[in-house]
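> Each protein sequence line maps, in turn, to chains B and W. Note that numbering that gives the first Met the number 0 numbers the first sequence so that position 97 is 96, with each residue one more than the last. Note that numbering that gives the first Met the number 0 numbers the second sequence so that position 16 is 15, with each residue one more than the last.
Heads up, some of the hints might be wrong.
[To be verified] 30 Å max Cα-Cα, derived BS3-like pairs, lysine-lysine:
1. W/Lys21 / B/Lys21
2. B/Lys169 / W/Lys295
3. W/Lys105 / B/Lys288
4. W/Lys105 / B/Lys107
5. B/Lys295 / W/Lys105
6. W/Lys112 / B/Lys288
7. B/Lys21 / W/Lys295
It is worth saying that the hints were derived from the structure and are not from the lab. Treat the numbers as computed from the prediction; the structure is a model and nothing was measured.
There are 2 protein chains.
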Amino acid sequence: MPIPDLNTIQLAAERIRPYIHKTPVLSSTGINEITGGNIFFKCENMQKAGAFKSRGACNAVFSLTEDQLKKGVGTHSSGNHAQALARAASLRNTDAFIVMPETSPKVKVAAVKAYGGKITFCKPTLQAREETLYTIISNTGALEIHPYNDYRIIAGQATAAMEMLEVMGKADIIMAPVGGGGLLSGTALSTKYLSPETIVIAAEPEMADDAYRSFHEGRLIPSESPATIADGLLTSLGSLTYPIITEYVDDIVTVSEEGIIRAMRLIWERMKIVIEPSAAVPLAAILEKKVDVEGKTVGIILSGGNVDLDSLPWL
Amino acid sequence: MPIPDLNTIQLAAERIRPYIHKTPVLSSTGINEITGGNIFFKCENMQKAGAFKSRGACNAVFSLTEDQLKKGVGTHSSGNHAQALARAASLRNTDAFIVMPETSPKVKVAAVKAYGGKITFCKPTLQAREETLYTIISNTGALEIHPYNDYRIIAGQATAAMEMLEVMGKADIIMAPVGGGGLLSGTALSTKYLSPETIVIAAEPEMADDAYRSFHEGRLIPSESPATIADGLLTSLGSLTYPIITEYVDDIVTVSEEGIIRAMRLIWERMKIVIEPSAAVPLAAILEKKVDVEGKTVGIILSGGNVDLDSLPWL
Numbered sequence: 000m001p002i003p004d005l006n007t008i009q010l011a012a013e014r015i016r017p018y019i020h021k022t023p024v025l026s027s028t029g030i031n032e033i034t035g036g037n038i039f040f041k042c043e044n045m046q047k048a049g050a051f052k053s054r055g056a057c058n059a060v061f062s063l064t065e066d067q068l069k070k071g072v073g074t075h076s077s078g079n080h081a082q083a084l085a086r087a088a089s090l091r092n093t094d095a096f097i098v099m100p101e102t103s104p105k106v107k108v109a110a111v112k113a114y115g116g117k118i119t120f121c122k123p124t125l126q127a128r129e130e131t132l133y134t135i136i137s138n139t140g141a142l143e144i145h146p147y148n149d150y151r152i153i154a155g156q157a158t159a160a161m162e163m164l165e166v167m168g169k170a171d172i173i174m175a176p177v178g179g180g181g182l183l184s185g186t187a188l189s190t191k192y193l194s195p196e197t198i199v200i201a202a203e204p205e206m207a208d209d210a211y212r213s214f215h216e217g218r219l220i221p222s223e224s225p226a227t228i229a230d231g232l233l234t235s236l237g238s239l240t241y242p243i244i245t246e247y248v249d250d251i252v253t254v255s256e257e258g259i260i261r262a263m264r265l266i267w268e269r270m271k272i273v274i275e276p277s278a279a280v281p282l283a284a285i286l287e288k289k290v291d292v293e294g295k296t297v298g299i300i301l302s303g304g305n306v307d308l309d310s311l312p313w314l
Numbered sequence: 000m001p002i003p004d005l006n007t008i009q010l011a012a013e014r015i016r017p018y019i020h021k022t023p024v025l026s027s028t029g030i031n032e033i034t035g036g037n038i039f040f041k042c043e044n045m046q047k048a049g050a051f052k053s054r055g056a057c058n059a060v061f062s063l064t065e066d067q068l069k070k071g072v073g074t075h076s077s078g079n080h081a082q083a084l085a086r087a088a089s090l091r092n093t094d095a096f097i098v099m100p101e102t103s104p105k106v107k108v109a110a111v112k113a114y115g116g117k118i119t120f121c122k123p124t125l126q127a128r129e130e131t132l133y134t135i136i137s138n139t140g141a142l143e144i145h146p147y148n149d150y151r152i153i154a155g156q157a158t159a160a161m162e163m164l165e166v167m168g169k170a171d172i173i174m175a176p177v178g179g180g181g182l183l184s185g186t187a188l189s190t191k192y193l194s195p196e197t198i199v200i201a202a203e204p205e206m207a208d209d210a211y212r213s214f215h216e217g218r219l220i221p222s223e224s225p226a227t228i229a230d231g232l233l234t235s236l237g238s239l240t241y242p243i244i245t246e247y248v249d250d251i252v253t254v255s256e257e258g259i260i261r262a263m264r265l266i267w268e269r270m271k272i273v274i275e276p277s278a279a280v281p282l283a284a285i286l287e288k289k290v291d292v293e294g295k296t297v298g299i300i301l302s303g304g305n306v307d308l309d310s311l312p313w314l
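Chain B extracted, bound-state conformation (with noise of 0.2 Å):
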């Protein structure tokens, strides 16, 4: 399967349409004055099952057959993609086997549990997730459904790009967070085919910046006990997300952790909507001058707004 084209992202816009939100695009006239920047968000705070996620879950899960469904999906998760696929696969009227680690926020789970996502517990760490997963799918048969490293994924993650640039008309910078990179190589495919002259910038923690130093040293380096309160970026790029990113990212820069809350709390307080730390590291690299937005026309994708309302980070 070769890399998402313009006519496969516009496939999956067209499969996912029914079950994801068109959501809005809103601007602050404060956050313009502080930035010096014509700033769009995109919120997909305000997406299905509060994430960008939906779109790739969906897109991946409405792309197989009824008879592939039979047996179900599953995956491996502690955050959105877990209860964006748990979504998916109750609207297809199939099983998802979810696999989280036992340390996950009780929120989640129970999001997850609400969904229907059947799940799981296993030790927090990377190989109990993998071999609890892959121990449940050799039991079920079911398919696993990867966050990130699968072009289904990465073709509806791009979605969100399309839409929002469809609003904005001309953007000079669009930029999104990185984690596992699908959401960043999805807006980057989707930026490149629609806009080529648009410049791409991804953000990270500087606490989790393996897509920074793989970008930046030409070869793909996995994270090393990353520990941001971005918790949607703890993860590392993929075999598939990082040759996208390389090829069709124009720089990655990274913030600091008080850069991220600070940029999350101005927009709870400017835009007075909800979003979480991950969301907010874009926003974060403009206040901290890593990107230089002066006059410029930009669209940031605010990834999540699934946050524990019991602890937030500036208490």
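Given chain B, work out where chain W should sit, using these hints.
Leaving out everything else, chain W in the frame of chain B:
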């Protein structure tokens, strides 16, 4: 001056259009499932200065001539009207004299200052607020712009329901919170002019139930030591808002403090938007079964989003 008619409200909408946001109308599958209704939320939390108050303040200030504005405008307010008036005055390049109780939260004082308001602090009693404002007005010649007991303010606030009805098309019930009654009277006028068969229901905290008692006892009863987390709803109905509410509102119900917090959190969690406690009061009434929305199309005005992120009510 007579009660604002439809033409007056439409003129207010024209007048304020360049200075306010046409705020989004959002809905939530999750909240619809919980309540059994088909609920639309008018997001005045995303309004300029964070609340519907910008509508009334802009309508009042932009109704005045250069000459009338020469000596500035004034009000006493610890809340959203103060910010909205300071902003509206600065748009007309005139002074806003704002009397605030010395106990006002720092965040609200800072917001008024950011819009260029000239603050005078006073003791936190209604008498001190009124006397301080009277002195300032006597000394400066500024015009008082009352937060709600003013037809220009009421006509401005009425534009929120008008916009919501445009988006909804048809509504069985329209709901708003009630404090001084500016938003509620405007909402009731717009609704009954544009959609006479729609029921208008107000919701009020039990702990500040002067409007509830006034409405049901048929006489204007002032608030007595109200004490609710919904800090936008502490004021009493006015001589202009009470008669409109008596004539145009179908019912007023009350809700518990726990209900307000629960509804507020539900909106944050499910809709990923930041609202203040006052804005949660109508949904609280639905969750507490004070209003039956089963199978009904309901519009709720989310009045504002100015909340201190350092002290959330559920923490």
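> Would you mind marking each hint as holding or not holding in the structure?
Verification of the supplied hints:
no., hint, in the structure
1, W/Lys21 / B/Lys21, "holds, 18 Å"
2, B/Lys169 / W/Lys295, "violated, 41 Å"
3, W/Lys105 / B/Lys288, "holds, 29 Å"
4, W/Lys105 / B/Lys107, "violated, 35 Å"
5, B/Lys295 / W/Lys105, "violated, 34 Å"
6, W/Lys112 / B/Lys288, "holds, 27 Å"
7, B/Lys21 / W/Lys295, "holds, 24 Å"
Hint violations for this structure: numbers 2, 4 and 5, all remaining hints satisfied.
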